[in-house]
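If you're matching them up, the sequences are chains A and B in order.
Residue 1 is where the first sequence starts when you use our numbering, and the numbers rise one by one after that.
Residue 1 is where the second sequence starts when you use our numbering, and the numbers rise one by one after that.
No lab work stands behind these hints: they were computed from the structure.
Be aware that a few hints might be false.
Under the rule of at most 27 Å between Cα atoms (straight-line distance), these lysine-lysine pairs were calculated in the DSS-like manner [said to hold, decoys possible]:
1) Lys176/A to Lys51/A
2) Lys179/A to Lys107/A
3) Lys395/A to Lys277/B
4) Lys107/A to Lys277/B
5) Lys51/A to Lys83/B
6) Lys51/A to Lys107/A
7) Lys323/A to Lys343/A
8) Lys179/A to Lys83/B
9) Lys166/B to Lys277/B
10) Lys166/B to Lys77/A
11) Lys51/A to Lys179/A
Across the chosen pairs, the derived CB separations fall in these ranges [said to hold, decoys possible]:
12) Pro172/B to Gly428/A: 41 to 51 Å
13) Thr2/A to Ser54/B: 35 to 45 Å
14) Glu322/A to Val182/B: 32 to 42 Å
15) Ala177/B to Ser302/A: 55 to 65 Å
16) Ala399/A to Ala232/B: 46 to 56 Å
17) Met200/A to Thr250/B: 51 to 61 Å
18) Pro194/A to Ala294/B: 51 to 61 Å
19) Glu335/A to Ala177/B: 38 to 48 Å
20) Phe187/A to Asp4/B: 37 to 47 Å
21) Gly179/B to Leu398/A: 28 to 38 Å
22) Asn440/A to Arg29/B: 48 to 58 Å
23) Tyr162/B to Arg353/A: 35 to 45 Å
24) Lys277/B to Met200/A: 30 to 40 Å
25) Pro172/B to His402/A: 27 to 37 Å
For every residue, glycine included, the Cβ atom is placed at its ideal position computed from N, Cα and C.
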Amino acid sequence: MTLESLQGALAASPWLEFFRFASVNVVYVLAGSMLLGLSAGVLGCFAFLRKRSLLGDTLAHAALPGVCAAFLLTGTKDPWIMLAGATVSCWLGALAVDAIVRYTRCKEESALGMVLSVFFGAGILLLTHIQGSGDAAQSGLDKFLFGQAASLVGRDLWMLGGVSAVLLGAVGLFYKEFKVLSFDPAFAVGLGLPGRFLEMVLATLIVLAVAVGLQAVGVVLMAALLVTPAAAARYWTERLGRMLIVAGAFGAVSGALGAYISSVSPRMPTGPWMVVAVSLLFVASLVLAPERGVVARRLRLSRFRRRTAEENLLRTLYVLGEKVQDWGEPRSEGELLRYRAMKGPVLSRTLARLGRRGLVRETADGRFALTEAGLVEALRLTRLHRLWELYLTRKLELAPDHVHDDAEEMEHILTPELEEQLAAVLEGPEEDPHARRIPNVR
Amino acid sequence: MSADAWIILIGALTASSCALVGCFLVLQRLAMLGDAISHAVLPGIVLAFLLTGSRNTLPMLIGAGALGILTAGLTEALTRHGKLQSDASIGVVFTALFAVGVILVSRYTSQVDLDLDCVLYGDIIFAPLDVWTVGGVELGPRSAWILGGITLANLLFVTLGYRQLKVCTFDPALAAAIGINVTLWHYLLMGFVSVTAVGAFESVGAILVVAMLIVPANAAYLITDRLSTMIALAVGLGIASAAGGYALATAIDGSVAGAMAVVSGMLFAAAAVFSPKHGAVARLLSRRRARRTAQGPLPAGAGLPEKRQEEEGSLHLG
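Chain A extracted, bound-state conformation (with noise of 0.2 Å):
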């Protein structure tokens, strides 16, 4: 296949005509959203752990007056001008929003709320005085409300790139110290780290990254993509390292996507459509992911549940027998069912399981009974029961009478380690406080 006919291929159909390349503004639009997606993922990650999301959408909104004011002051619409105007109003907003938190009453989404809506409505303002002051250079200002990344131009491309690259060398640079900052302020400044030098560098980094994103996605896709990665990305790892690199990769595998769709069908904008992607991969991290996304926690839940309804039909079986002194008597499901409060099918099903698992047998007539794994294991349980019942009774001084339930719990949970230590400090006990043996299996 020649080079020819690939580009002939692609160009046949508008899906793969992007993949031709065939203008620079393509790539420019591609790198550039791309860039913009990882930086803002990987900045997003230290607002998201100092829980605070949305700062990013206040200070996008934040930004306008600014930018609207650099026209006014210049009359011009230079990128650099815009980016500079729009820093300044932004880094103002951050600083109202502290002195609201920090010397009225008002509550801190008070303060981000009101600094987003009363900045963006001066911009507003001045906005419409430029527009209704019938000069022609405005037209377009009123695009950094959903920005406009498919009107790249390879200037706007140095500038995202430029900035990007100082954004992320920021964060490598003050990793450790971030890290500490993020997770443990008050460490971080017992450690001599000097935290509001390190918070203001942070807060200007965010701050940057608003400023020269708003041109490529506008102000309220420019906050989704503050948050968006980042708490995507928090499902996956429970590492900072990681976590930045799995948002970063959201952030620009997004970039890519609203480049790309943006490019397919020229009248959509490209910031929604990144926005649109960067929420997909959100909720497939949050339904997929392993640990701590919905489906494996649902799978963990339901794991639990059945090994404890295992477990407690062991302990039944034994109990049972405990009472005759007999543990090869079979049981059957009516009698099981009358001492432990459990749906029949259930009962079935987890007596199926105990079956293939070994621990119980049935007999002909359909009844149960342990196997001999299966006293041992129903011994290891009630050990664990009884130990915790008399350690509830006789460390915390509980009445005998309102110990059962909390140690129907811990059965399950305690471990062999906690196991010797309970029976140490109880000092080799004999006997649980209802008077009954407490078995010991080794």
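Knowing the structure of chain A, use the given hints to seat chain B on it.
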């Protein structure tokens, strides 16, 4: 009535209806949820427009109300079942919904009248022109009637549900204990906020609804400790913002909505500094007084300010 008067009236009605429900949002620390709802209703409005083919208010209000409740519900679900921290839940949900709304607008309505700029920052100036005519009788601008209706509805809601809203706001555990359905009242509040937000879109647009919802309420919060006074003050400050905003806008030839937000911000700043109870000046004076009487026993309630977040020594930024 002159066009100016109508505009101020519409602005005042907007501010009042927002202040009535906004006080509860602020006290329940849901200010950003109010911001989220006012963004997220966009797809609801667009869908209503697409489904009914018209810009009729009632379907839009219904669409917005539904989306508002959906936003609140999804955020809650994400926090509770997705185990995501609440600020991130709000951010994820409303930005996604807003993005969908923008896409719908770009795709389906670019030829038609649903001007996005209008949705975002409203066009109160033109409101007096859109007159509601019934049987050949001109009844006044449509917005005035809609907002008047919403203000009345909010007033009824707050008055009839005052006790429940008060308990749910200040002590949800007690509310549950005495048999008030806290969830129901939460979603009722969210519903009224959504409807108010949409009603206000036409005059002040989406973002500035947030200003009207929370800024006068916060200013009132700095002035008084009583809920009823706070609500009344918030309404008053809102109306003042409307009037002042109109004056400012005509002076510099800018958006009335933006001016209203700016004026409300200035009133808040004034309250923050000059409030007799919680303002900066008052706290400064009471601290001086306390220092001067340091030898003798302090009278009860000398107004020593409670320790604030200053002690954390951190800049409250990202």
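### Numbered hints the structure breaks, given as an ascending list
Numbers 3, 10, 13, 14, 15, 17, 18, 20, 23 - these are the hints that the structure violates, sorted from lowest upward.
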